[in-house]
Every structure is written in C-alpha cells, then in structure tokens.
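In the UniProt record's numbering, the protein residues as written are 1 to 226.
The set of hints was computed from the structure by calculation and includes no laboratory data.
Check the hints yourself; a few may be wrong.
[Unchecked claim] Simulated DEER-style distance windows between Cβ atoms:
no.	residue 1	residue 2	range
1	N47	Q91	17 to 25 Å
2	Q86	I114	15 to 23 Å
3	E25	G73	49 to 57 Å
4	W189	S79	34 to 42 Å
5	R131	I187	31 to 39 Å
6	F130	R182	35 to 43 Å
7	L155	E25	25 to 33 Å
8	N92	F120	35 to 43 Å
9	F120	Q91	36 to 44 Å
[Unchecked claim] Taking lysine-lysine pairs in the DSS-like style, the calculated list, with each CA pair at most 27 Å apart, reads:
no.	residue 1	residue 2
10	K164	K147
11	K129	K117
12	K129	K110
13	K72	K147
14	K138	K112
15	K129	K147
16	K72	K129
17	K72	K110
18	K138	K110
19	K147	K83
20	K129	K83
21	K138	K72
22	K129	K112
23	K149	K138
24	K110	K149
25	K112	K83
26	K110	K164
27	K138	K117
28	K138	K83
29	K112	K72
Every residue gets a Cβ at the ideal spot worked out from N, C-alpha and C, and that includes glycine.
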Amino acid sequence: MQTLISSVAKRLRKVYQKAEEFIEEEREFSLSQVFVNATMERYVTENVGIMQDLHADLYDGWLRLYTTLDVKGLHTTLSVDLKLIQMEMNQNVQLMVFEQISNTQVIEAKFKNILQKWGFYVAIWYYQKFREEDPLGKILEHFEVVKVKDDLLYLDLNRWLGKKASIIETLSKVHVNRARVRPAELIVWGNVNLAAILSPSNEDDFDEDDLADSEVTPIQQKDSKK
Numbered sequence: 001m002q003t004l005i006s007s008v009a010k011r012l013r014k015v016y017q018k019a020e021e022f023i024e025e026e027r028e029f030s031l032s033q034v035f036v037n038a039t040m041e042r043y044v045t046e047n048v049g050i051m052q053d054l055h056a057d058l059y060d061g062w063l064r065l066y067t068t069l070d071v072k073g074l075h076t077t078l079s080v081d082l083k084l085i086q087m088e089m090n091q092n093v094q095l096m097v098f099e100q101i102s103n104t105q106v107i108e109a110k111f112k113n114i115l116q117k118w119g120f121y122v123a124i125w126y127y128q129k130f131r132e133e134d135p136l137g138k139i140l141e142h143f144e145v146v147k148v149k150d151d152l153l154y155l156d157l158n159r160w161l162g163k164k165a166s167i168i169e170t171l172s173k174v175h176v177n178r179a180r181v182r183p184a185e186l187i188v189w190g191n192v193n194l195a196a197i198l199s200p201s202n203e204d205d206f207d208e209d210d211l212a213d214s215e216v217t218p219i220q221q222k223d224s225k226k
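Using the sequences provided together with the hints, build the complete structure.
Here it is as structure tokens:
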C-alpha cells in the first residue's frame with residue numbers, strides 16, 4: 001500500500017509545485033488496474049499466509065475480485081463482485097469497505113480427499129441456499145483478513161501499514177478521502193499537506209510509472225512450501 005500512497009504523493013507534488021499554502025480543495029487522479037493489483041499483491045497477499053493470490057478486474061462502479069486460498073489441503077480460486085463503499089487513508093485510518101453484490105463463484109478447487117470436497121460444496125450450498133447468505137465474508141473473517149458488519153466487508157490495512165514508518169510519513173502528506181471504481185482504473189480524491197509533500201523524503205522505489213496500463217502481469221502465487 002506504500003506504493004499506492006507514494007504514487008499519490010508523487011502525482012500531487014507535480015500538481016502543486018508552484019503553490020504556497022496548504023491545499024484544502026480535493027484533487028482527483030487515477031491509478032491503473034495493473035498498479036492497484038501489484039499493490040494488493042505486495043501489501044495484502046504477502047501478509048496473509050493462506051492467500052496465494054488476490055487481484056481484481058475493475059469495471060464501471062464495481063469490481064470482480066479473485067482470490068486463491070491454500071488451507072488444510074484445500075486449494076481453491078474464488079471470485080466475487082464487490083462495490084467499493086468507502087476508502088479512507090490517513091495517519092490514523094487505513095480502511096477500505098466493500099459491499100458484496102454477488103454470490104461467491106468457485107473458479108477452481110483441488111482437495112486432499114473426497115470428504116473434504118463434499119464438505120466444501122455442502123458448506124457453500126448451506127450458506128447460499130439455506131441461510132441465504134454468502135460464506136466468503138465468514139471465511140475471510142475467520143482468517144482475520146476482513147471484518148464483517150451489517151453485511152459489509154471491512155478491510156482494515158492498519159495492522160500491516162501502521163508499523164511501517166515510511167507509510168505513516170507519507171500519510172502525513174496526503175489524505176485519501178474517497179475513491180470510485182472505473183473501467184481498468186481507480187479514481188481517487190484526496191487532500192495534500194503542501195509543506196510536507198514538498199519536503200524531501202525516502203519514498204518507495206516502486207512507482208505506477210513503471211507499470212504500463214496495458215501490461216498484463218501473470219499471477220505469481222506464493223511458494224506454499226515456505
């Protein structure tokens with residue numbers, strides 16, 4: 001996520017090089033789908049042991065999220081459609097909130113035995129047909145990836161970002177207030193602390209400019225043997 005925030009800071013610095021005071025007005029800028037996915041891989045996938053991949057296809061007002069999980073002999077790839085309800089990034093809060101707008105779809109699943117396979121599909125059927133709710137939120141909450149409240153998925157990034165001094169430093173410079181999903185890009189609105197953003201700092205060496213919008217990055221799953 002430092003990569004995403006640093007990219008925001010760099011873009012805003014270019015806009016405000018000639019300004020002389022704190023900017024109160026919100027500014028809008030875009031982040032490519034490729035960059036968003038690379039950031040998720042670096043700062044979410046690599047911090048969640050059971051998660052082998054996490055990436056999204058961005059559409060107009062919603063996104064399709066794909067995740068590959070490897071847990072207790074079960075290796076499965078799932079997809080779900082989400083709407084981004086809230087995105088807030090500052091020194092104190094690093095939060096994304098999603099509304100699930102489709103049932104979870106099983107793209108691929110491999111099992112250690114037939115009993116695990118039966119249990120997996122029975123559990124999905126039970127939640128979706130009998131309880132009329134989707135199991136994805138419960139699964140991710142069980143493994144402490146998200147919290148579920150009022151049928152919304154809360155992805156609190158503070159547990160990973162709060163311990164990184166470089167990220168907190170960047171968040172003192174730029175506050176992301178909200179975001180909107182558009183085809184192949186994430187539109188973000190934020191404010192900048194001009195005095196801080198124009199001062200020199202040590203920034204992440206990973207930049208969106210290094211990733212072409214048309215580039216398709218292969219899914220690189222973590223080594224399950226590690």
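Going down the list of hints, with the structure as the test:
Taking the beta carbon of each, N47 and Q91 are about 20 Å apart, inside 17 to 25 Å as hinted. Against the hinted window of 15 to 23 Å, the Cβ-Cβ separation of Q86 and I114 comes to about 42 Å, which falls outside the hint. A hinted range of 49 to 57 Å holds for the C-beta pair E25 and G73, which are about 53 Å apart. In this structure the hint that W189 and S79 lie 34 to 42 Å apart at CB is violated, the actual value being about 28 Å.
The hint said 31 to 39 Å for the Cβ distance between R131 and I187, and at roughly 36 Å that hint holds. Remark: the range hint 35 to 43 Å for F130 to R182 is upheld by a beta-carbon distance near 37 Å. Taking the beta carbon of each, L155 and E25 are about 28 Å apart, inside 25 to 33 Å as hinted. For the pair N92 and F120, the beta carbons lie near 39 Å from each other, so the given range of 35 to 43 Å is met.
The hinted window of 36 to 44 Å between F120 and Q91 holds, with their beta carbons roughly 41 Å apart. Annotation: proposed proximity of K164 to K147 holds, straight-line Cα distance about 22 Å (limit 27 Å). Pair hint K129 plus K117 holds up; C-alpha atoms about 18 Å apart against a cutoff of 27 Å. Of the pairs offered as hints, the one joining K129 and K110 holds, with about 23 Å between alpha carbons and a cut-off of 27 Å not exceeded.
Only pairs whose Cα atoms come within 27 Å are accepted, and K72 paired with K147 is accepted, the gap being roughly 22 Å. With a C-alpha separation of about 22 Å, the suggested pairing of K138 with K112 holds against the 27 Å cut-off. For the suggested pair K129 and K147, the alpha carbons sit about 23 Å apart, so the restraint of at most 27 Å is met. For a cut-off of 27 Å, the pair hint linking K72 to K129 stands: about 25 Å separates their Cα positions.
The hinted pair formed by K72 and K110 meets the criterion: a straight-line CA distance of about 11 Å does not exceed 27 Å. For the proposed pair K138 and K110, the alpha carbon gap of about 20 Å is at most 27 Å, so the pair holds. Pair hint K147 plus K83 holds up; C-alpha atoms about 16 Å apart against a cutoff of 27 Å. At roughly 22 Å between alpha-carbon atoms, K129 and K83 fall within 27 Å of each other, so this suggested pair holds.
Proposed proximity of K138 and K72 is supported: the alpha carbons are some 17 Å apart, at most 27 Å. Between the alpha carbons of K129 and K112 the distance comes to roughly 25 Å, so the proposed pair stays at or under 27 Å and holds. A threshold of 27 Å between alpha carbons decides the hint, and for K149 with K138 the separation of about 11 Å falls inside it, so the pair holds. Between K110 and K149 the CA atoms are separated by roughly 30 Å; this puts the pair beyond 27 Å, and the hint is violated.
At roughly 34 Å between alpha-carbon atoms, K112 and K83 are farther apart than 27 Å, so this suggested pair is violated. With a C-alpha separation of about 36 Å, the suggested pair K110 and K164 falls outside the 27 Å cut-off, and the hint is violated. Proximity of K138 to K117 is assessed by CA-CA distance (about 19 Å); at most 27 Å being required, the pair is judged to hold. Taken as a hint, the K138 and K83 pair is honoured in the structure, with Cα atoms around 18 Å apart against an allowance of 27 Å.
Distance check on the hinted pair: K112 and K72 sit about 8 Å apart at the alpha-carbon level, within 27 Å; holds.
Of the numbered hints stated above, those contradicted by the structure are hints 2, 4, 24, 25, 26, listed in ascending order.
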